[in-house]
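Chemist: Sequence:
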Amino acid sequence: MKIRQFLNIPFQFFNTNKEKWFYVSSSSIFLMLFVLIYQPFGIYEVLKNSRYNIVELLLLLLFFSCVIFLVLAFSQFVLRKQFLVKNYTIKYFLKWFFIDVLLIVCVTTIIDYFIFEEDVITIDNIMREMFFYSFLTYFSLCIVLLYPVMGILVYTYLKQLLSDKVTLEKDLTVIKEHYKIASGNEDLIKVLDENDVCKLTVAINTIYAIESQNQYILIKYLKNGRLIEQSVRTRFSKVLNELKDFPSLIKCHRSYAVNLMNIESLKYLNQKPNLILGSPEMIKIPVSKTYLKDIKTKISLY
1 MKIRQFLNIP FQFFNTNKEK WFYVSSSSIF LMLFVLIYQP FGIYEVLKNS
51 RYNIVELLLL LLFFSCVIFL VLAFSQFVLR KQFLVKNYTI KYFLKWFFID
101 VLLIVCVTTI IDYFIFEEDV ITIDNIMREM FFYSFLTYFS LCIVLLYPVM
151 GILVYTYLKQ LLSDKVTLEK DLTVIKEHYK IASGNEDLIK VLDENDVCKL
201 TVAINTIYAI ESQNQYILIK YLKNGRLIEQ SVRTRFSKVL NELKDFPSLI
251 KCHRSYAVNL MNIESLKYLN QKPNLILGSP EMIKIPVSKT YLKDIKTKIS
301 LY
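Under my numbering, the residues of the sequence shown are numbered 1 to 302, in order.
Hints in this document: simulated from the structure, not taken from any laboratory.
A quick note: this is a predicted structure, and the numbers were derived from the prediction, not measured.
For every residue, glycine included, the Cβ atom is placed at its ideal position computed from N, Cα and C.
Hints are not guaranteed to be accurate.
Unchecked claim - Simulated crosslink set (DSSO-like; lysine-lysine; CA at most 27 Å straight-line): (1) Lys95 x Lys20; (2) Lys296 x Lys238; (3) Lys170 x Lys289; (4) Lys165 x Lys190; (5) Lys296 x Lys284; (6) Lys159 x Lys190.
What the hints assert, rightly or not - Here are the computed distance ranges between Cβ atoms for each label pair: (7) Lys296 x Ser25: 23 to 33 Å; (8) Cys142 x Ile110: 13 to 23 Å; (9) Phe132 x Leu103: 32 to 42 Å; (10) Leu240 x Thr156: 37 to 47 Å; (11) Thr290 x Leu102: 56 to 66 Å.
Work the whole structure out from these sequences, hints included.
Modeler: Spelled out as C-alpha coordinates, the structure:
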(Lines of atoms letter the chains of each structure in order from A; the text may use other names.)
(Lines give C-alpha, C1' and ligand atoms only; values in the text may rest on other atoms or scores of the structure.)
Protein backbone atom coordinates (compact mmCIF):
# COMPACT_ATOMS: atom_id res chain seq x y z
CA MET A 1 0.00 0.00 0.00
CA LYS A 2 1.35 3.42 -0.98
CA ILE A 3 1.76 6.15 1.64
CA ARG A 4 -0.84 8.33 -0.07
CA GLN A 5 -3.37 5.51 0.00
CA PHE A 6 -2.63 4.84 3.66
CA LEU A 7 -3.10 8.51 4.58
CA ASN A 8 -6.48 8.59 2.84
CA ILE A 9 -7.89 5.64 4.79
CA PRO A 10 -11.03 6.71 6.74
CA PHE A 11 -10.30 7.37 10.41
CA GLN A 12 -13.31 6.83 12.67
CA PHE A 13 -11.80 7.66 16.07
CA PHE A 14 -11.84 10.77 18.29
CA ASN A 15 -15.12 11.95 16.78
CA THR A 16 -17.45 11.62 19.77
CA ASN A 17 -17.26 13.89 22.82
CA LYS A 18 -16.44 10.90 25.02
CA GLU A 19 -13.46 9.94 22.84
CA LYS A 20 -12.27 13.56 22.72
CA TRP A 21 -12.37 13.93 26.50
CA PHE A 22 -10.55 10.62 26.84
CA TYR A 23 -7.85 11.87 24.47
CA VAL A 24 -7.51 15.23 26.25
CA SER A 25 -7.38 13.87 29.81
CA SER A 26 -5.18 10.84 29.10
CA SER A 27 -2.64 12.91 27.14
CA SER A 28 -2.34 15.46 29.95
CA ILE A 29 -2.01 12.84 32.69
CA PHE A 30 0.41 10.68 30.68
CA LEU A 31 2.68 13.63 29.91
CA MET A 32 2.83 14.63 33.58
CA LEU A 33 3.57 11.07 34.75
CA PHE A 34 6.09 10.51 31.95
CA VAL A 35 8.10 13.60 32.89
CA LEU A 36 7.82 12.85 36.61
CA ILE A 37 8.90 9.21 36.36
CA TYR A 38 11.40 9.12 33.48
CA GLN A 39 12.68 12.73 33.62
CA PRO A 40 13.62 12.69 29.91
CA PHE A 41 15.62 15.12 27.74
CA GLY A 42 18.00 16.16 30.53
CA ILE A 43 15.22 17.44 32.77
CA TYR A 44 16.82 15.87 35.84
CA GLU A 45 19.93 18.07 35.57
CA VAL A 46 17.80 21.15 34.97
CA LEU A 47 15.66 20.44 38.02
CA LYS A 48 18.72 19.59 40.10
CA ASN A 49 20.23 23.01 39.45
CA SER A 50 16.96 24.93 39.71
CA ARG A 51 15.82 27.09 42.60
CA TYR A 52 12.60 25.11 43.16
CA ASN A 53 12.04 22.53 45.89
CA ILE A 54 10.22 19.27 45.26
CA VAL A 55 6.77 20.61 46.19
CA GLU A 56 7.16 23.64 43.95
CA LEU A 57 8.35 21.42 41.10
CA LEU A 58 5.30 19.18 41.46
CA LEU A 59 2.99 22.20 41.49
CA LEU A 60 4.78 23.58 38.44
CA LEU A 61 4.40 20.28 36.63
CA LEU A 62 0.72 20.12 37.59
CA PHE A 63 0.25 23.69 36.35
CA PHE A 64 1.68 22.89 32.92
CA SER A 65 -0.39 19.69 32.75
CA CYS A 66 -3.52 21.77 33.37
CA VAL A 67 -2.42 24.18 30.64
CA ILE A 68 -1.99 21.27 28.24
CA PHE A 69 -5.42 19.95 29.22
CA LEU A 70 -7.05 23.32 28.49
CA VAL A 71 -5.20 23.73 25.19
CA LEU A 72 -6.21 20.27 23.97
CA ALA A 73 -9.80 20.80 25.09
CA PHE A 74 -9.93 24.11 23.22
CA SER A 75 -8.43 22.48 20.14
CA GLN A 76 -10.79 19.48 20.10
CA PHE A 77 -14.06 21.13 21.11
CA VAL A 78 -13.71 24.63 19.63
CA LEU A 79 -11.19 24.75 16.80
CA ARG A 80 -12.19 21.45 15.18
CA LYS A 81 -15.78 22.66 14.85
CA GLN A 82 -14.50 25.50 12.69
CA PHE A 83 -12.77 23.10 10.29
CA LEU A 84 -15.25 20.28 9.83
CA VAL A 85 -14.57 17.83 7.02
CA LYS A 86 -16.81 15.19 5.46
CA ASN A 87 -14.12 12.53 5.15
CA TYR A 88 -12.09 12.20 8.34
CA THR A 89 -8.92 10.38 7.26
CA ILE A 90 -5.61 9.38 8.84
CA LYS A 91 -3.99 12.35 7.09
CA TYR A 92 -6.48 14.73 8.67
CA PHE A 93 -5.98 13.16 12.10
CA LEU A 94 -2.17 13.46 11.88
CA LYS A 95 -2.46 17.04 10.72
CA TRP A 96 -4.67 17.89 13.67
CA PHE A 97 -2.35 16.03 16.05
CA PHE A 98 0.57 18.21 14.93
CA ILE A 99 -1.62 21.29 15.34
CA ASP A 100 -2.42 20.20 18.91
CA VAL A 101 1.27 19.84 19.72
CA LEU A 102 2.03 23.21 18.11
CA LEU A 103 -0.63 24.92 20.22
CA ILE A 104 0.75 23.31 23.38
CA VAL A 105 4.28 24.43 22.56
CA CYS A 106 3.21 27.99 21.74
CA VAL A 107 1.16 28.45 24.90
CA THR A 108 3.65 26.79 27.27
CA THR A 109 6.59 28.67 25.72
CA ILE A 110 4.85 32.02 26.10
CA ILE A 111 3.92 31.24 29.72
CA ASP A 112 7.41 29.96 30.51
CA TYR A 113 9.22 32.84 28.83
CA PHE A 114 7.14 35.75 30.06
CA ILE A 115 6.28 34.45 33.54
CA PHE A 116 9.09 32.16 34.69
CA GLU A 117 12.06 33.49 32.67
CA GLU A 118 14.35 35.82 34.65
CA ASP A 119 16.58 36.97 31.78
CA VAL A 120 16.00 40.30 30.10
CA ILE A 121 13.93 39.87 26.96
CA THR A 122 16.10 40.65 23.94
CA ILE A 123 16.10 39.68 20.27
CA ASP A 124 19.06 37.42 20.95
CA ASN A 125 17.20 35.65 23.77
CA ILE A 126 14.13 35.18 21.62
CA MET A 127 16.07 33.71 18.68
CA ARG A 128 18.47 31.62 20.72
CA GLU A 129 16.22 30.34 23.50
CA MET A 130 12.63 30.83 22.52
CA PHE A 131 12.62 29.49 18.95
CA PHE A 132 15.36 26.90 19.39
CA TYR A 133 13.88 25.66 22.66
CA SER A 134 10.39 25.63 21.13
CA PHE A 135 11.57 23.53 18.20
CA LEU A 136 13.13 20.93 20.51
CA THR A 137 10.04 20.95 22.72
CA TYR A 138 7.78 20.44 19.69
CA PHE A 139 9.83 17.49 18.48
CA SER A 140 9.92 15.95 21.97
CA LEU A 141 6.18 16.39 22.55
CA CYS A 142 5.35 14.79 19.21
CA ILE A 143 7.22 11.68 20.33
CA VAL A 144 5.86 11.60 23.89
CA LEU A 145 2.21 12.28 23.00
CA LEU A 146 2.23 9.53 20.39
CA TYR A 147 2.26 6.99 23.24
CA PRO A 148 -1.12 7.91 24.77
CA VAL A 149 -2.59 8.45 21.30
CA MET A 150 -1.53 4.99 20.15
CA GLY A 151 -2.75 3.52 23.43
CA ILE A 152 -6.17 5.16 22.97
CA LEU A 153 -6.34 3.93 19.39
CA VAL A 154 -5.57 0.35 20.43
CA TYR A 155 -8.10 0.53 23.28
CA THR A 156 -10.81 2.01 21.05
CA TYR A 157 -10.08 -0.49 18.29
CA LEU A 158 -10.28 -3.47 20.67
CA LYS A 159 -13.48 -2.06 22.16
CA GLN A 160 -14.95 -1.78 18.66
CA LEU A 161 -13.89 -5.35 17.88
CA LEU A 162 -15.62 -6.54 21.05
CA SER A 163 -18.77 -4.63 20.09
CA ASP A 164 -18.66 -6.14 16.59
CA LYS A 165 -18.17 -9.59 18.13
CA VAL A 166 -21.27 -9.17 20.30
CA THR A 167 -23.27 -7.93 17.29
CA LEU A 168 -22.12 -10.85 15.15
CA GLU A 169 -22.97 -13.33 17.89
CA LYS A 170 -26.41 -11.78 18.16
CA ASP A 171 -26.88 -11.97 14.39
CA LEU A 172 -25.68 -15.57 14.41
CA THR A 173 -28.23 -16.42 17.10
CA VAL A 174 -30.99 -14.85 15.01
CA ILE A 175 -29.84 -16.77 11.92
CA LYS A 176 -29.83 -20.03 13.88
CA GLU A 177 -33.34 -19.37 15.19
CA HIS A 178 -34.48 -18.42 11.69
CA TYR A 179 -33.03 -21.68 10.44
CA LYS A 180 -34.83 -23.63 13.14
CA ILE A 181 -38.11 -21.94 12.24
CA ALA A 182 -37.62 -22.30 8.48
CA SER A 183 -36.51 -25.91 8.71
CA GLY A 184 -39.35 -26.71 11.09
CA ASN A 185 -42.16 -25.31 8.98
CA GLU A 186 -43.46 -28.77 8.12
CA ASP A 187 -42.61 -30.37 11.45
CA LEU A 188 -45.58 -32.05 13.04
CA ILE A 189 -46.29 -31.39 16.69
CA LYS A 190 -48.38 -33.53 18.95
CA VAL A 191 -50.67 -31.93 21.52
CA LEU A 192 -51.19 -34.19 24.53
CA ASP A 193 -54.01 -33.97 27.03
CA GLU A 194 -53.65 -34.16 30.80
CA ASN A 195 -53.29 -37.95 30.57
CA ASP A 196 -50.56 -37.66 27.91
CA VAL A 197 -52.90 -38.95 25.22
CA CYS A 198 -52.35 -37.36 21.79
CA LYS A 199 -55.41 -35.29 20.86
CA LEU A 200 -54.05 -33.32 17.93
CA THR A 201 -51.25 -33.67 15.39
CA VAL A 202 -50.65 -30.61 13.26
CA ALA A 203 -47.85 -28.88 11.31
CA ILE A 204 -46.12 -26.14 13.32
CA ASN A 205 -46.52 -23.53 10.58
CA THR A 206 -50.32 -23.91 10.61
CA ILE A 207 -50.69 -22.97 14.29
CA TYR A 208 -51.71 -19.37 14.93
CA ALA A 209 -52.33 -19.18 18.67
CA ILE A 210 -52.91 -21.19 21.82
CA GLU A 211 -55.36 -19.87 24.41
CA SER A 212 -55.76 -20.93 28.02
CA GLN A 213 -59.35 -21.63 29.14
CA ASN A 214 -59.37 -22.80 32.75
CA GLN A 215 -58.68 -26.56 32.57
CA TYR A 216 -58.59 -26.51 28.77
CA ILE A 217 -56.53 -24.96 26.01
CA LEU A 218 -57.92 -23.73 22.71
CA ILE A 219 -55.63 -24.29 19.72
CA LYS A 220 -56.24 -22.10 16.68
CA TYR A 221 -54.74 -23.53 13.50
CA LEU A 222 -55.27 -23.53 9.75
CA LYS A 223 -56.66 -26.56 7.95
CA ASN A 224 -57.67 -26.63 4.27
CA GLY A 225 -57.71 -22.82 4.17
CA ARG A 226 -60.04 -22.54 7.17
CA LEU A 227 -59.31 -21.46 10.74
CA ILE A 228 -60.01 -24.35 13.10
CA GLU A 229 -60.35 -24.11 16.89
CA GLN A 230 -59.91 -27.26 18.94
CA SER A 231 -60.10 -27.66 22.71
CA VAL A 232 -57.85 -30.02 24.61
CA ARG A 233 -58.15 -30.73 28.32
CA THR A 234 -54.72 -29.92 29.70
CA ARG A 235 -52.82 -27.17 31.45
CA PHE A 236 -51.47 -24.19 29.49
CA SER A 237 -48.04 -24.35 31.15
CA LYS A 238 -47.76 -28.07 30.37
CA VAL A 239 -48.33 -27.51 26.64
CA LEU A 240 -45.84 -24.64 26.49
CA ASN A 241 -43.23 -26.79 28.22
CA GLU A 242 -43.83 -29.61 25.71
CA LEU A 243 -43.45 -27.18 22.78
CA LYS A 244 -40.38 -25.33 24.13
CA ASP A 245 -38.19 -26.75 21.33
CA PHE A 246 -40.15 -24.72 18.78
CA PRO A 247 -38.74 -21.14 19.00
CA SER A 248 -41.52 -19.65 16.89
CA LEU A 249 -44.09 -20.34 19.63
CA ILE A 250 -43.83 -17.67 22.34
CA LYS A 251 -45.98 -16.55 25.23
CA CYS A 252 -47.41 -13.03 24.90
CA HIS A 253 -49.97 -13.02 27.70
CA ARG A 254 -50.68 -15.13 30.77
CA SER A 255 -53.46 -16.78 28.75
CA TYR A 256 -52.06 -16.65 25.19
CA ALA A 257 -49.17 -17.93 23.11
CA VAL A 258 -48.66 -17.05 19.44
CA ASN A 259 -46.70 -18.33 16.46
CA LEU A 260 -44.11 -15.80 15.25
CA MET A 261 -44.39 -17.13 11.70
CA ASN A 262 -47.98 -15.93 11.43
CA ILE A 263 -47.74 -12.48 13.05
CA GLU A 264 -48.58 -9.63 10.69
CA SER A 265 -48.20 -6.64 13.01
CA LEU A 266 -48.42 -5.20 16.51
CA LYS A 267 -51.18 -2.60 16.89
CA TYR A 268 -52.65 -0.60 19.74
CA LEU A 269 -56.42 -1.07 19.97
CA ASN A 270 -58.12 1.10 22.61
CA GLN A 271 -54.61 1.99 23.82
CA LYS A 272 -53.82 -1.67 24.47
CA PRO A 273 -51.22 -3.67 22.48
CA ASN A 274 -52.56 -6.47 20.30
CA LEU A 275 -50.92 -8.87 17.88
CA ILE A 276 -52.60 -9.19 14.51
CA LEU A 277 -52.27 -12.69 13.08
CA GLY A 278 -52.70 -13.19 9.36
CA SER A 279 -55.47 -15.73 8.94
CA PRO A 280 -58.72 -15.91 6.95
CA GLU A 281 -60.51 -14.33 9.93
CA MET A 282 -57.67 -12.06 11.23
CA ILE A 283 -57.06 -12.99 14.87
CA LYS A 284 -56.36 -10.32 17.50
CA ILE A 285 -54.32 -11.51 20.46
CA PRO A 286 -53.73 -9.23 23.50
CA VAL A 287 -50.19 -8.60 24.73
CA SER A 288 -49.53 -7.97 28.42
CA LYS A 289 -46.95 -5.42 29.60
CA THR A 290 -44.83 -8.22 31.04
CA TYR A 291 -44.16 -9.66 27.58
CA LEU A 292 -44.43 -6.50 25.45
CA LYS A 293 -40.70 -5.71 25.35
CA ASP A 294 -39.78 -9.29 24.45
CA ILE A 295 -42.49 -9.41 21.78
CA LYS A 296 -41.25 -6.18 20.16
CA THR A 297 -37.70 -7.53 20.13
CA LYS A 298 -38.74 -10.83 18.60
CA ILE A 299 -40.88 -9.13 15.94
CA SER A 300 -37.99 -6.85 14.94
CA LEU A 301 -35.69 -9.87 14.63
CA TYR A 302 -38.07 -12.07 12.73
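Chemist: Which of the numbered hints above does this structure break?
Modeler: The structure conflicts with hints 4, 6, 7 and 9, although it agrees with all the remaining ones.
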